[in-house]
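Residues -24 to -1, 1 to 1116 (mature numbering (1 follows the signal peptide of the UniProt record, and there is no 0)) make up the sequence shown, in order.
Calculated directly from the structure, the hints in this document are not laboratory data.
Keep in mind that the hints are not guaranteed to be accurate.
[Said to hold, decoys possible] Listed next, the in silico SDA-like pairs over lysine to any residue satisfying Cα-Cα at most 20 Å (straight line):
| # | residue 1 | residue 2 |
| --- | --- | --- |
| 1 | LYS25 | LYS86 |
| 2 | LYS717 | ASP731 |
| 3 | LYS649 | ARG604 |
| 4 | LYS659 | ASP801 |
| 5 | LYS365 | LYS25 |
| 6 | LYS999 | PHE555 |
| 7 | LYS322 | MET520 |
| 8 | LYS322 | ARG521 |
| 9 | LYS119 | THR193 |
| 10 | LYS851 | SER1087 |
| 11 | LYS246 | THR193 |
| 12 | LYS246 | ASN720 |
| 13 | LYS999 | ARG979 |
| 14 | LYS451 | PHE555 |
| 15 | LYS86 | GLY27 |
| 16 | LYS483 | PHE289 |
| 17 | LYS773 | GLN356 |
| 18 | LYS770 | ARG694 |
| 19 | LYS322 | GLN356 |
| 20 | LYS612 | PRO756 |
| 21 | LYS451 | PHE494 |
[As the list claims (entries may be wrong)] Estimated spans, in silico, between C-beta atoms of each pair:
| # | residue 1 | residue 2 | range |
| --- | --- | --- | --- |
| 22 | PRO756 | LEU619 | 18 to 26 Å |
| 23 | GLU397 | SER107 | 56 to 64 Å |
| 24 | LYS717 | SER553 | 32 to 40 Å |
| 25 | ASP42 | HIS109 | 28 to 36 Å |
For each residue, glycine too, the CB sits at the ideal point set by N, CA and C.
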Amino acid sequence: MSIYRVCRFVLLYVVLCALSQTFGQEEHLFCGRRKVKTVYLIQNGIDAKAGHWPWHAAIFHRRDNDSVYACGGSIIDESTILTAAHCVSTASGLVPLRRISVSVGQTDLKQRSELMQTHNVRELIVHPQFSKHSIVHDIALVKLATNITMTKYVQPVCLWTMDESEYQIVGKNGTIVGFGLTEHDVVSEQLKQALVSVVEPLACIASDRGVFGTHLTSDMFCGKGQPGVSACNGDSGGGMFFEVGGRWYVRGLVSFTPVRAQTSYCDGTKSTVFTDVARYLEWITNYIDRRVLPTDSDVIEIDYVEKMRLFDFNVCGDINQSMGVLISSSSFSSRIQNCATTLISKWYTVSPAHCFPKDGSKLEVMLGGLNAYDELQIVQIQRVIIHPKYNSTTLANDIALIELYRPVTHVDPVCLPAPPEVRKHNFENLIITTVQENSHKDGYYASGKSASYVNDTECVKKLAMEGFANSLEPKQFCLQLSSDENGHCVPFKAGKPLLQVDRWGEKEYHFLRGLDLFARPCDAGRPSVYIDTNEYVDWILYHMRYNVLDDDEPEELSAIDYEWITYQSTQDDEKFSSFNTDDCGLIISFDQILTRYPNMPWIGWLHENPNITLDDLKFDAMAILISRRYALATAKIMQNQSLWRYFTVGSLGNFLFCRTVKCKEYIDVMDVKKITIHPDFAKDPRANDIALIEFWQPVILKNPYINPICLPFTQSMRNGEPISLTMSTIDLFYTQSRQLKQLNATNCQQQFLRDGYAINHQDISLCALDSDQEKQPPVPVLPGAPLQALLHFKGAKRYFLRGLYYDISDRFVNQNAYSPYLFTDIERYFDWIFDEIEGNINQDILIRSDGNDRLPVAELENDQKNLLPIDNPAKRRLFDFNACGTGSRTFVSGRSINLTYPWFGIINSPYTNNRCQATLVSARYLVGLASCVKNYTDITLGVERSETTRRIPIQRVIVHPQYTSGDVNNDIALIQLESPVNITIMKPICLPIPDEVRAMGYRRSNLATIGNFTEAIGLLATKVGSRYVHSSYCQKYWRSKSKNLANVNSTICVYSLPLTSDERYTQFEGSPIFNTQNFNEQARQFLHGIALNGVFTLNKARPITFLEIDSYLGWILNNIDEPLSQPVSSYNLQETLVFT
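Put together the whole structure using the sequences plus the hints.
If you want it as C-alpha cells, here you go:
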C-alpha cells in the first residue's frame, strides 16, 4: 500500500471519529437498541449473554436478611420498570417498598458484576383495575428511588406504539428472558432466553378449556415455546420482546401458566398467558418520560468507523455485476419475478419493499449471469428487513434490506455512500441502470444511461397522464433518460439501481443513489420515480451486521440443534450412520440460464429401463431420496415391483433436453436392489402406505442437483413451526410446489365434508390444505409427493420430510381441486425404517442381473465373512505374527522416519501407464496379480517413503496353476525375493492364518483400501464403509461393459465415488484391501484381497473388484519355502523390488 493511500485512510478515520463523536453528543432517549455487537439470535432455552437483553430487570423481595429473586421486569426509562402486578402484590396488599429492590444488567444470580446496578424503590403503581382476587389487568410500574445509568449493558426497551391488534403477532416468534425454574424445578442461576410463538386465541382455549376458557380475556394473549421451553415460576413479569425494524419492543408480560397436577409448579407443556402491553399504552404513558417513546424523528446512532469494516471500496461500483434479480424459491413454474435487487456488500442487497409478496412465498437472490457466458449465483435469503414506516398503498419508505444466507463470490457490489460526507443531495452525474440484449441475442448486459432531474410538479403531471398517483412521497424524486439516450430495454418490475458518479479522495466511484419504484421503458419522455437511498443509509448501516463470528463468540444453537445434540447423545451412532445430517435438505443454487428445469434434489423417478425416456414418465412413479442408499415411496405404486428396476434423481428436464457432452452430469441413475412394502399396508381405509427402496450403489452427492431430504428425528423437527410448509410434485420432468398449512384430523374431515366428500377418520394420517387458494392455481399431485417443512438447522435452512402424499380420489367423483391433501406421517415409521436398514446390512435379497426372478437368500453372501480353520497349521511357523501388520520406524542420517504401510510395494514398468502393486506378506514373499507380473519384463517394487527406498532383486515368480492369460479367475502370483528384507524395518502385512483371527471373521464394510491421494498427501487408506456393495453388482456392471471381470468368483466389490476436480487418486491393479484386528495384544493389519482393476484420477464413479485371497491361502502356504509347484516362468527375471 502506498504512503499516500495510508495517509488518506488515516485522514478518513479521523474524520469519521469526529463525526461519530458529534452524533453521539446529541442527547436522545433511544429505546430498544442493543449497544453490544451480537449475532442474530434464534435459539431457545439457552444462557443469555451480557448486553443481549440490556432492558431486562430482576426484582428481588427481601426476606429476613436475604434478597430472594421474585420476578422479571423491563426498563422503560431511567426510573421506571414495567412488570406484572402480581409480582409486587400479596394477599394482604402491596409489598412494602423497603422489601423490594431492582437489579439491572444482571445475568447471574450468584455472581455480582461491575455491569450490574441495584436500585431501591420509591413507588409502586399497580393498574387500578387489578385485584388480588383476579388475574386480569396484571400490569404494574415500579418507580426507582435513583435513576438508572444507561450503559452498553443497560438500556430501555421500546413500548409497543404500533397496531395493537393481536392478529398482527399471531404466529410470530417473540423472545422471553428470565431466571425462571429449570426442568429440575429450581431457579436458574443464569439468565435464560427462549423463543415463544404467539398462539391464536381459540387454539389456546381449546388446549385447556378449564383454565384458558375461563380466564383468557382480550387484554391477554397466549404463547407457546418448543417442547421443554416455556415461561415458568420466576419468569413472571418479564417481557416478551419483538424486533421490528431493528428496534426491540415489549409486547407482553408473563402473567400465568397452568400448574402441574398436585404441585405448585408451572406446567411447561401448556401455553403461557401474557398481559398485552399494547392495550395499556395510554395508562403507562401517564407515568413515564414520554421522550422515550419511539417517534418518526428518532435518530439512529451509527458508529461509522466500525461500519466501514463492512465494505471494500477497492472493488465496489461494477454496474454489470451488482444488479441482481429476486426470484421465487417455492414455485418453479414461475421463478423469475422481474424485481431487481442491488448488491451493496458480499452479504447484503437492497430492494423496494413492495417486491416481497404478501402470500408467504419465499424468494431467493439471483446475481450475475445476465450474459449466458457469465457466472451466475442463486443465494437463499437469511432475513428481510422491511422499513418500519413502509406504506404499501402510497409506497412511502418503500425499501428493504436483504441479508443473504451466505456471502456471494466473484461478484462485486455497488458502492454504498456509508460516510455522511460522500452523500450528495444534488442531481448531477446520475446514471440509470438499464438491461439490454446483446448483439448475439444470447444474453443481456447491464449498462448505464445518463439521466436528468424532473421537478415534482412536472413529474406528477406526466405520471397522472399514465394513471399513476398524483403526488410524490417524501424522500422520492423523479428522473428521466436524457434526450439522447433512447433505446430498447428489458423491463423490470421495480428496483433497478440509480447510481451517482462522484470523486472521493483521488478515485471516482459509482455510489448507489436510488432505486426505481416503477417498471419504465427506455423512453426519454417518460419519467420514473426513485426512492432516495441516501436518506436511508443510516437505517441500512444500523441493520447490517458482521457475519463472520469472532472465534471467542461461537454461533449459538437453535432449539432444533440443541434437541438434536441431546437426542443423538442418547442413541447408538450406528443408528444414524446411513443419514448425513450435515448436508441433507439443502437446495443447491441453480444456474437459471443453463438450468431451465430446476428440481427439488431429493425427488426422483422410478422406471423400468436403464435409460430413462419421456415414455417412462407416463407411469408417474416418484420416490424421495432420504440417504445415499435409500428412498421412500408410497406402497400402493410399489406393488408391481417388476416395473421399478431403476431410480433416476437429479435435474431430469435438463438431461432430456441437453445437447452437450456433459448431459449425464445432471442426473444419477441407480439400480434398485430391493423394495420393501410396509407389512401392514392397507388400501381401504388407507394405512401404512409407505415403502422403502434400497439401491445397489450409493448416490453421488457431489452432484449439485442431487441431495437427500432430512428426516425429522426429533420432536421439534416434526412439530416445530416451519418457515414454510410446501408440497412438491412433478409433471413429467417439471417440478411444481405449493404452500400448505397443516390441519388436524377433525378439521380435515370437516373440510372434506364442506367440499361434499365423506372420508373415514382412519384414512387421515397427516392432513394439509392450500395456504392461499386464490393465489395458487391447482396442480395434479402424484402419489408420493413430499410434504416438506423448511426449518433452521445446523446454521442453514433445510427441508425436512413430514409426509408422503397418498391419493384416495378414486373414491370420489369430480373431487374439488382445493380439497385437503392427505399424507402418510413419516414420524410413525422411523423404527420400521431403522430396522429395515439394519437388516439390509446383514442380508442381500437382490434381483438377478438379467432382470429375472429374485435369488434365494441362502445363495447370497453378506457383509460378514466367516473363515474356516486353515488346513496346513504347520505353515504358520513361516510367519512372524509379532512383527507383521504394524508400522515401523527407521533412522536415516540420524533422522527418525515412521512407515505406516511398510508392506506397500509398487511394480514399475517401462510403460508408466501400466503400473501394478504387490504386497509384502513375509520376509521373502509378496502377493500380487499374475497378470501384472507375467506381462512385465522389468519389474521393480516401490513403497512409502523415498528416503528409505531399497531395491531387492526378485528370485522367482510363482503363478497360480489354474491361471490363464486373459482370465481374471485365479489371477494371483507369489513373488519371491532373492534375499529376505529386514522385517524390523520392512514389516510385512499379516495373512489371516491364526485360528483366533479366523474365528472372528470380518465385515467387508470394515475393510480399508489404499492408494495414492494427491501428490502432496501420498498414501491414503480409507475405510470401505458404505462403498461396499454385493459382488453381484460388480458382475452386473462389468457385464454391461463387456469386461471379463463380470465372470470372476470370490470377490469383494467396492463402489468408489468421484473426487473433485483438484483431487487425484491412483489405486493400482494389485493394491490390497485389508482390515485391522487385535492380535498378540496389538492392532495389526491383515490382508484379505487384491484389486483386479485399478483407478486413475477417479473422475467418474465406478466399482473396484477385489480378488478375495482366503480361497488361495492354502496355495500360498504350500508354495512358500517349498519346491515350485509350477515351472519357473521363462520370461526375464532380472527385476528389482523397491521398498520404502
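Do the hints match the structure? See the list:
Among the hinted pairs, LYS25 with LYS86 is consistent with the structure: their alpha-carbon atoms are about 15 Å apart, no more than 20 Å. Using a Cα cut-off of 20 Å, the hinted pair LYS717 and ASP731 holds, with the two alpha carbons roughly 17 Å apart. Under the criterion of a C-alpha separation no larger than 20 Å, the hint pairing LYS649 with ARG604 is consistent with the structure, at around 13 Å. Straight-line distance between C-alpha atoms of LYS659 and ASP801 comes to about 16 Å, which keeps the hinted pair within the 20 Å bound.
Proximity of LYS365 to LYS25 is assessed by CA-CA distance (about 31 Å); at most 20 Å being required, the pair is judged violated. A threshold of 20 Å between alpha carbons decides the hint, and for LYS999 with PHE555 the separation of about 17 Å falls inside it, so the pair holds. For the suggested pair LYS322 and MET520, the alpha carbons sit about 11 Å apart, so the restraint of at most 20 Å is met. Under the criterion of a C-alpha separation no larger than 20 Å, the hint pairing LYS322 with ARG521 is consistent with the structure, at around 12 Å.
Of the pairs offered as hints, the one joining LYS119 and THR193 is violated, with about 27 Å between alpha carbons and a cut-off of 20 Å exceeded. Between LYS851 and SER1087 the alpha-carbon distance is near 16 Å, which keeps this suggested pair within the 20 Å criterion. Distance restraint check for LYS246 and THR193: the Cα-Cα separation of roughly 17 Å lies within the 20 Å cut-off, and the hinted pair is therefore satisfied. The suggested pairing of LYS246 with ASN720 holds, with an alpha-carbon distance near 18 Å, which does not exceed 20 Å.
Only pairs whose Cα atoms come within 20 Å are accepted, and LYS999 paired with ARG979 is accepted, the gap being roughly 11 Å. Simply put, LYS451 and PHE555 have alpha-carbon atoms about 53 Å apart, too far for the 20 Å limit, and the pair is violated. Taking the CA atoms of LYS86 and GLY27, the gap is near 18 Å; set against the 20 Å cutoff, the hint holds. The hinted pair formed by LYS483 and PHE289 meets the criterion: a straight-line CA distance of about 10 Å does not exceed 20 Å.
The suggested pairing of LYS773 with GLN356 holds, with an alpha-carbon distance near 8 Å, which does not exceed 20 Å. A threshold of 20 Å between alpha carbons decides the hint, and for LYS770 with ARG694 the separation of about 16 Å falls inside it, so the pair holds. At roughly 13 Å between alpha-carbon atoms, LYS322 and GLN356 fall within 20 Å of each other, so this suggested pair holds. Note on LYS612 and PRO756: the hinted pairing holds, with a Cα-Cα distance of about 18 Å set against a maximum of 20 Å.
For the hint linking LYS451 to PHE494, the alpha-carbon distance of about 15 Å falls within 20 Å, and the restraint holds. Between PRO756 and LEU619 the beta carbons are some 20 Å apart, a value that agrees with the proposed interval 18 to 26 Å. Look at GLU397 against SER107: about 60 Å separates their beta carbons, and that is inside 56 to 64 Å. Taken as a hint, the range 32 to 40 Å holds for the pair LYS717 and SER553, whose Cβ atoms sit roughly 35 Å apart.
Between ASP42 and HIS109 the beta carbons are some 30 Å apart, a value that agrees with the proposed interval 28 to 36 Å.
Checked against the numbered hints given earlier, the structure breaks hints 5, 9 and 14 and satisfies all the rest.
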